[in-house]
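Please build the complex by placing chains B and C on the supplied structure of chain A, with the hints as guidance.
Protein chains in written order, with our numbering: chain A, 1 to 570; chain B, 1 to 317; chain C, 1 to 308.
One should not assume that every hint holds.
Straight-line Cα separation of at most 30 Å, DSS-like style, residue types lysine-lysine; simulated pairs [as the list claims (entries may be wrong)]:
no.	chain 1	residue 1	chain 2	residue 2
1	A	530	A	439
2	B	71	A	175
3	B	60	A	164
4	A	59	A	265
5	B	60	A	175
FYI, nobody ran anything at the bench for these hints, they're computed from the structure.
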Amino acid sequence: MANKVNDALTDLVRGKITRRSFVQRLTALGLAMPAIDSLLRAGAAVAAESPYSVTGDMKEGSGGNLVVGQESNWDVLDPALGTGAVTWRTCLYQIYESLVSRDLDNPQGIGNQVVPRITKSIDQSSDGKTYTFHLQPGVTFTDGTPFDADAVMWNIERQWDQSKTGKQNAPQFNKTAAAVRSWFWEPAQMLEMTAPDKNTVVFHLAKPFSQFVSGMPEAGLGTMGISSPEVWKKGGDAAIAATPVGTGPFLFESQVPGDTLIIAKNPKYWNSSQAAKADRITFKALPDAATRVAALRAGDVHIVFAPPTQELASLRQAGFIVTARPNPHLWYLQLNANEPYWKDARVRQAFFMSINRAGMASQLLKDTVLPAVSANGRTCPSWTDKAGYADYNPEAAKKLLAEAGFEKGFDTIFQIPTGGSGEIDPVAMAEWIAGDAAKVGIRIKLQTMEWISYLHAWASGMGAGIGMNQQSWGMTSMYWPNLPLRTSSGLNVGHQPDKQFDMLLDEANSALDQDTAIAKYRAVDMLNAKEMWLVPVVNDLAPVVISPKVKGFVHTSDWWWDLKKVWVEA
Amino acid sequence: MLTYLAQRVAAAVPTMFGVSVVTFALLHIVPGGPVVAMLGLAASNPAAVAAITRDLGLDKPIWEQYLIWLKRALSGDFGMSTEFHVPVLSLVGPKLAHTLLLTAGSLVYAVVLGTIIGIVAAVHYRSVFDRAAMFVTLVGASAPVFWIGLLLSYLFAIRLGWLPAMGMTSIIGGSSPLIVLEHLILPAFANSIISMAVIARIVRSSMLEALVQPYVLAARARGLSRTRQVLVHAFRNVLPDAINITGLQVGFLFGGALIVEVVFAWPGVGYLIYSSIQARDYVTLQASVLIVSAVFVIVNLLADMARIALDPREQAA
Amino acid sequence: MSTVGAPTRRPKLPDARHLHPSGSAPKSSFQQGLASLVADRSAMIGLIVLLIAVGAAIFAPWIAPYDPNAGEGAAILAPPLSPGHLLGADQQGRDILSRILFGARLAFPEAMIPVAAAAIAGTILGLLGGFFKGIVGEIIMRSLDVLFAIPMVLLAIAIATTLGSGLPTVILSMAVVITPYIARVVATTTAQIRSAPFVDAARCAGFSEWRILRREILPHVIPSVVVYGTTNMGAMVVFAAGFGFLGLGAPPPAADWGAMISDGMKSLGSAPWVSTMPGIAIVAVSLAFNYLGDGLRVALDPRLRNRR
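So that you can see chain A by itself, here it is in the shape it has in the complex (with noise of 0.2 Å):
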């Protein structure tokens, strides 16, 4: 019978039958309703039903030294000025807290729960525009110094411009940083914090913003990693880029640059018992993914990001684990608005509806991604596969474009980058889109670009006779579809017009409570699914492999790793 309703899931993801089908079969197996709902909503439950577990082998133990391998090398290890997830995942999240963090080490779940980190509690009040934190006391940085109210203010006037509500800026200010963060900041509007005692900072800002908590564990454009004021005062940014101190389970021991780094177990960390299993890890940058699966074969390394899709089948056979869970992850087209044939929406429905993303994800991708329905990520709590986005359905897409003048097709451009940060395989899978819009009479031509040269055009917005283009992002708060598919924001670099998405995001930033915040934010997703700005593709499982000797680990829910439970066996 588990069988039989595992069957009807994974099928349900694959997209081979429709959800009205699987309510149909779950029914006459006997399911009642709430059973069904919440296995509809458990994304985690559909993953254990991939070939890709969520966690290694979960044997009790610690010691050892692990050895992980990067895809990419890290940037500077600084929690304010470091951009990309993989910087604050490899080395930073282990090192530096935040405030508030995510249950990124239970493999149940969806692990998008929002949990205190070096916070006791929150309080949040009735009118929304005041949140007071209260600290966990007693913890100190590894350097010693006190962990308290003043450090993190200090550390929030290094990343958030004051200037705007008239004041000056802190010494430790820094313009990068606050930058790079400010899409946080901006919403945020806050007026002022204030410290009534040692354990307690207050936020006051000037309305509500619903995502001011789930906001904050966002990595990848800076991050709120809390890290001791006095490495600063000694020798200013260099110094905490040269050695970062945080509160965090491990702690930093030496780097060489773009090649290793080694961080140790933090034998005073807070909380004990969350300490650290694993004596020492060790990460190691190697680009090229051919060397990363040579050095895990040859036991060189314990655990392997981002690894080849064809070398997963014969890594399972010679022993290796294989972990991947969905995350925030979406890979996603986005459309020209300035070009003419996509104006109507009858065009862009069409174009969607002609994509066989389930057919890429289990042919191309070898199931190591699952088709998107949503333009949030998966374990967004605001993703839902009932916000209306068409199946894959060719003669449909046909018919719309015939309907819309459009029976002989057309030809655009597509830009597409030739690899980069949670691309996956982005060529082959743009190869895929031209192959099946053709089918349809849309005539995609591809123009690749090397990633840095390819993030250049993309940041400057598309330009004329280009039709569409890609990218790879996602975030747990919900916040996110405000970065593409505001009319005014950066991210949207299809020159999307339709001022109704800002109205409706408008509503959701503000909302009081989450519940509400969810529906809004849905909202946002409906219109998406019918006006099709944003093409949703897929959600990468982000596969990683991992040697048997590794225990402990858990695939995280997220773009971060939490390391600490993990630990090798000699």
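Structure of chains B and C alone, referenced to chain A:
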């Protein structure tokens, strides 16, 4: 000799200057500079782009940027790498040493194996070994270095597991000289093949000429063993040609090392340049290209000098 | 019959045919060269291989069993000798044999056009640099020195990264990199003969410097350029493949031999043929060029020719 040296050094200075200008110009035409590379997706935020552009001094006109760079470079400050956030010289120095190690290893292979193959082929003129050796070396010389490297890696590292597939040191085992040598075997061999083929052919043809010379026949007439004839008498005349060709190969081996490094992830300056191009790390690139060019010039100069010093014909001239 | 005003006819030389042992006239230099080349078995094999390869390139759309860009999900990483895929298939299920045939359409232009372009540019620069002793000559030679100082690989990558990847970029980068080498060969020859008697004679006859360059010096330089170009053609095929390997060649999904090798690296452990096959194609063409080039070098040089 000293005047020659002085002349060459004097000529090198304007050349190096030219190299720095050409590199600087080329780098700043490349789209999407270090700002985009550093910010990643945050590059979609114009304020962030503006802030870092100002910090890095990239908003100034290009000729001003070059002069600033030149002034600092002349006092030894080559700047901070935008990718690794450490002073560039501390980055390039060790990596250059690794590349030179790889070049030296390739040279040893090329000279030793090339000479032996050339001599044996000449002595057994038109035998199976001779024809086979000449064919195999020519095939090796016609193949792309990166492809040979991949094949060697597949055969000896993946299939047989005898040798490490990549890198210079073992992640777990450490970096003792023995481990480094173990890692050096495959990349140095891959890099040496073309030079080996060239040296083998030159040695062979030179040896063929020497073997029919009167003084070799005279040695034979005196009853000396074949080995002695070959190694002592004939070879002595092969030496000038061999040294000549070796000198010309050194620069080539240094350039080839840069490609091999990418295939084998050998942490040398070639690999650094390759990754710096991808990361748009202008600062590192500017310094690395300059340093590599300087080494190139020096290596060629030393090889030329060695050639002249060791070649009796040139000395007489 | 008045001989005044009529053009002087050259006296007929005595027929030397009867002096030659075999009774036939001595062959011209060109005929001797051709004979030498034809007699060189390796060179002829090389020529045949090249003709086959060029033929394959031209007729690829008709003889290739599949569309080189059409991936078939079921055939992903199929090994050689699988049904329908003689050389196997790559990680997108595309037939490797078809891709190699189409890849030839890129490999030959990528090798030959840069050499031709560099031959022209290099000859011009070399003539100017070697002939004019003053400032012009100095500037040209020093600039060439700068280009020599930067390792070829670096220069090529820098240009290609600046201009973006693609066939025109590869051709341009390679041409820029090879030009100094040809220029140096030409400049050396030019410098050697600029003080030769016949050049002085031409000057005395009142010919302009340009005419001397064109009529007297250029003919001496051309053979060296031709030899240099043809003997290095094999290396050019390999060099062009290097661009594809580094991702700087014709953009995907183009069947660039170098790019195919690089793509195959990801599955080297499980499917080594994806990288191996295109490499064999490169070696075959390069080797053929090398043999042919060797034969040509010997055939064009009377000294080497007679030693055979």
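Hints, one by one, checked against the model:
In summary, the hint linking residue 530 of chain A to residue 439 of chain A is supported, as the alpha carbons are separated by about 22 Å, within the 30 Å threshold. Taking the CA atoms of residue 71 of chain B and residue 175 of chain A, the gap is about 27 Å. The hint holds against a cut of 30 Å. Distance hint between residue 60 of chain B and residue 164 of chain A is fulfilled; the C-alpha atoms sit about 28 Å from each other, no more than 30 Å. Note on residue 59 of chain A and residue 265 of chain A: the hinted pairing holds, with a Cα-Cα distance of about 19 Å set against a maximum of 30 Å.
Of the pairs offered as hints, the one joining residue 60 of chain B and residue 175 of chain A holds, with about 19 Å between alpha carbons and a cut-off of 30 Å not exceeded.
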